[in-house]
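All residue numbers for the sequence shown refer to our numbering, where the first residue is 36 and numbers rise by one.
Worth flagging that the hints you see were computed from the coordinates, not collected in a lab.
Quick caveat, the model's predicted, so the values are computed rather than measured.
We put the CB at the ideal spot given by N, CA and C, even for glycine.
Errors might be hidden in some of the hints.
Claimed, not checked - Mimicking SDA-like on lysine to any residue, the simulated pairs with C-alpha atoms at most 25 Å apart in a straight line are:
| no. | residue 1 | residue 2 |
| --- | --- | --- |
| 1 | 160 | 46 |
| 2 | 160 | 128 |
| 3 | 160 | 136 |
| 4 | 160 | 125 |
| 5 | 160 | 44 |
| 6 | 160 | 191 |
| 7 | 160 | 187 |
| 8 | 160 | 79 |
| 9 | 160 | 137 |
| 10 | 160 | 139 |
| 11 | 160 | 175 |
| 12 | 160 | 177 |
| 13 | 160 | 108 |
| 14 | 160 | 188 |
| 15 | 160 | 127 |
| 16 | 160 | 179 |
| 17 | 160 | 65 |
| 18 | 160 | 126 |
| 19 | 160 | 109 |
| 20 | 160 | 104 |
| 21 | 160 | 100 |
| 22 | 160 | 96 |
| 23 | 160 | 50 |
| 24 | 160 | 190 |
| 25 | 160 | 192 |
| 26 | 160 | 148 |
| 27 | 160 | 62 |
| 28 | 160 | 111 |
| 29 | 160 | 124 |
| 30 | 160 | 183 |
| 31 | 160 | 186 |
| 32 | 160 | 189 |
| 33 | 160 | 172 |
Stated by the list, open to error - The calculated label-pair distances, taken between Cβ atoms and stated as ranges, are:
| no. | residue 1 | residue 2 | range |
| --- | --- | --- | --- |
| 34 | 44 | 202 | 36 to 44 Å |
| 35 | 65 | 191 | 35 to 43 Å |
| 36 | 83 | 192 | 33 to 41 Å |
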Amino acid sequence: MAAATEPSTVTAADCTHMRRALELAARGLGATHPNPAVGCVLVDPEGTVVGEGYHPQAGMPHAEVYALRAAGQRAAGATAYVTLEPCNHYGRTPPCSRALVAAGVARVVVGVADPNPLVAGCGIKTLQGAGIPVAVGCEEAACYAINEEFMLRMTAQAAAAAAAAAPASTSQQ
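Using the sequences provided together with the hints, build the complete structure.
This is the structure in C-alpha cells:
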C-alpha cells in the first residue's frame, strides 16, 4: 500500500468507476445550487460496487453519505470514487471526509479538488492524516466541467478572501 502522502496511481478501472460517479452526479444537476452536483461510488477490494450515491439537492446529505449508507459495513476496505473533494466542515451536513474515515474506506479517488475556501484541500488532508491514500485528478476535466459554475464561483470567492486578507500596501515615497 502506498503511503498516504504519496500520489496514488490511477488505473483504467479507477477511470471507469469515476465515470459512473459522474453519471450519478448528473442526476443532481439543477437541484443542488448553491452546492455542486457530486457523485460517489464505493468499490470493494474485489472490484464489486457496494454503494453509490449522489447529492440530490442543497441541504440534503452529500453523495458520500448516500453511498456509505448503501454499502453499510461493506464500505470498510473499499475505494471511494468521488467527483469532488469530500467536504471537511460542518454546514447543513457533517463533513464527508470524516464519514469516509469512520467507515474504514481504504482509498479515495477524487475527480477534482474543491476550490471552496471552506474545503480547499482540507478534505484530502483529513483523509491522508487518517492514513488513507488519496489520488486526485481522475477524469478531472469532466469532474470540473459538470460543476463549472460552482468551480468558477468558489475560485472567485477564494481570490476575494485572499485579497481582503492581504495587508494593504504601505509603500512611502
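Tested hints:
no. : hint                 : in the structure
1   : 160 - 46             : holds (22 Å)
2   : 160 - 128            : holds (19 Å)
3   : 160 - 136            : holds (12 Å)
4   : 160 - 125            : holds (16 Å)
5   : 160 - 44             : holds (18 Å)
6   : 160 - 191            : holds (23 Å)
7   : 160 - 187            : holds (23 Å)
8   : 160 - 79             : holds (23 Å)
9   : 160 - 137            : holds (15 Å)
10  : 160 - 139            : holds (16 Å)
11  : 160 - 175            : holds (19 Å)
12  : 160 - 177            : holds (23 Å)
13  : 160 - 108            : holds (24 Å)
14  : 160 - 188            : holds (23 Å)
15  : 160 - 127            : holds (21 Å)
16  : 160 - 179            : holds (20 Å)
17  : 160 - 65             : violated (30 Å)
18  : 160 - 126            : holds (19 Å)
19  : 160 - 109            : holds (24 Å)
20  : 160 - 104            : holds (23 Å)
21  : 160 - 100            : holds (19 Å)
22  : 160 - 96             : holds (22 Å)
23  : 160 - 50             : holds (22 Å)
24  : 160 - 190            : holds (19 Å)
25  : 160 - 192            : holds (21 Å)
26  : 160 - 148            : holds (11 Å)
27  : 160 - 62             : violated (28 Å)
28  : 160 - 111            : holds (20 Å)
29  : 160 - 124            : holds (12 Å)
30  : 160 - 183            : holds (24 Å)
31  : 160 - 186            : holds (20 Å)
32  : 160 - 189            : holds (19 Å)
33  : 160 - 172            : holds (15 Å)
34  : 44 - 202: 36 to 44 Å : holds (42 Å)
35  : 65 - 191: 35 to 43 Å : violated (21 Å)
36  : 83 - 192: 33 to 41 Å : holds (39 Å)
Going through the hint list in order, the structure does not satisfy hints 17, 27, 35.
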